Amino acid sequence: DAKTTQPTSMDCAEGRAANLPCNHSTISGNEYVYWYRQIHSQGPQYIIHGLKNNETNEMASLIITEDRKSSTLILPHATLRDTAVYYCIVRDSNTPLVFGKGTRLSVIA
Amino acid sequence: DAGITQSPRHKVTETGTPVTLRCHQTENHRYMYWYRQDPGHGLRLIHYSYGVKDTDKGEVSDGYSVSRSKTEDFLLTLESATSSQTSVYFCAISDSDRAVWTQYFGPGTRLLVL
Numbered sequence: 442d443a444k445t446t447q448p449t450s451m452d453c454a455e456g457r458a459a460n461l462p463c464n465h466s467t468i469s470g471n472e473y474v475y476w477y478r479q480i481h482s483q484g485p486q487y488i489i490h491g492l493k494n495n496e497t498n499e500m501a502s503l504i505i506t507e508d509r510k511s512s513t514l515i516l517p518h519a520t521l522r523d524t525a526v527y528y529c530i531v532r533d534s535n536t537p538l539v540f541g542k543g544t545r546l547s548v549i550a
Numbered sequence: 008d009a010g011i012t013q014s015p016r017h018k019v020t021e022t023g024t025p026v027t028l029r030c031h032q033t034e035n036h037r038y039m040y041w042y043r044q045d046p047g048h049g050l051r052l053i054h055y056s057y058g059v060k061d062t063d064k065g066e067v068s069d070g071y072s073v074s075r076s077k078t079e080d081f082l083l084t085l086e087s088a089t090s091s092q093t094s095v096y097f098c099a100i101s102d103s104d105r106a107v108w109t110q111y112f113g114p115g116t117r118l119l120v121l
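Chains as they are written, first to last, in the numbering used here: chain U, 442 to 550; chain H, 8 to 121.
Just so you know, the hints here were simulated from the structure itself, not pulled from any lab data. Hints are not guaranteed to be accurate.
[To be verified] Capping the alpha-carbon separation at 30 Å, the derived lysine-lysine pairs in DSS-like fashion look like this: (1) U:K542 to H:K77; (2) U:K493 to U:K444; (3) U:K542 to U:K493; (4) U:K542 to U:K444; (5) U:K444 to H:K77; (6) U:K542 to U:K510; (7) U:K542 to H:K64; (8) H:K60 to H:K18; (9) H:K77 to H:K18.
[Stated by the list, open to error] Chain U stretches covered by chain H per the calculated footprint, using a threshold of three residues with CB under 8 Å from any CB of chain H: (10) 480-487; (11) 541-548.
[Unchecked claim] Partner residues are not named here, just some residues of chain U that face chain H (Cβ under 7 Å, in silico): (12) S534; (13) P537; (14) L538.
Remember, it's a predicted structure, so these values are computed and weren't measured experimentally. Backbone N, C-alpha and C fix where the C-beta goes; we use that ideal spot for every residue, glycine too.
Please model the complete structure; the sequences and the hints are all you need to start from.
So, in C-alpha cells, the structure goes:
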C-alpha cells in the first residue's frame, strides 16, 4: 500500500507556481521521498527525490518539513505541458516503487 | 531519456492465447520491473528482476511469468490471456550502482484481450 496521502486534484494558473502537497507521517529514517509524474498515456517520469534536505533541479523544487512527515513539490512556473498526475512516493533504496492515486494537476491558461 | 523500449506497443489478442511482452534496455541497469496500469488502480507491480535469472513477484503476479536471460531484456508472459489482463503495461529499470535507485519507465504497451 502507498504510504502517502495526496489531494485528488488541483488547478493552477499558467505561469504561476504549482505547489503539490504530500503527507507521509509514517516515513522511516531510511526512506526517501520521490516525486514522479505521468502525462496522459505516457510512462511515469522521474522528477526529483530527497531524504531530509530541500532539493532543486531543472524541473522542480522539493521542500521537506523538518520532521519529514510532509513535503511539497513546487513547479515554479507551471505551463500547460505540466498538466499530469503527480505521484509522491516514499521508499528506501531497496524496494520497487509503490504508486498511489496521485494528484491530478490541471494547468489552466 | 533512459534507453528503454517496449515491444509491441499495441496488441490485440484473444482469450486463452499466450502473449509475450518485451522490455529492452541499453543502460546496462541491473534492476528491471513490470507494472500494469488500470483505471482506478494506478500502477501496480507485477514482477521484477534484480539480475540475470533472478526475479521476484510483485503485488499482482498471478497469471504472469517473467524471464531474464540477459541483462538487457526482461520478458513478461501471459500464458493464457484473460480479459482481466487487458491493461497498459509499463517496464522500468533502475541502477543499483547508485546510492539511491531511481526508476525510469518505458513508453508502455497497450494490451487488449478480447
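Results for each hint:
no.: 1; hint: U:K542 to H:K77; result: violated, 33 Å
no.: 2; hint: U:K493 to U:K444; result: holds, 17 Å
no.: 3; hint: U:K542 to U:K493; result: holds, 24 Å
no.: 4; hint: U:K542 to U:K444; result: holds, 11 Å
no.: 5; hint: U:K444 to H:K77; result: violated, 33 Å
no.: 6; hint: U:K542 to U:K510; result: holds, 19 Å
no.: 7; hint: U:K542 to H:K64; result: holds, 22 Å
no.: 8; hint: H:K60 to H:K18; result: holds, 26 Å
no.: 9; hint: H:K77 to H:K18; result: holds, 24 Å
no.: 10; hint: 480-487; result: holds (count 6)
no.: 11; hint: 541-548; result: holds (count 3)
no.: 12; hint: S534; result: holds, 5 Å
no.: 13; hint: P537; result: holds, 5 Å
no.: 14; hint: L538; result: holds, 5 Å
Hint compliance for this structure: hints 1 and 5 are broken, all remaining hints hold.
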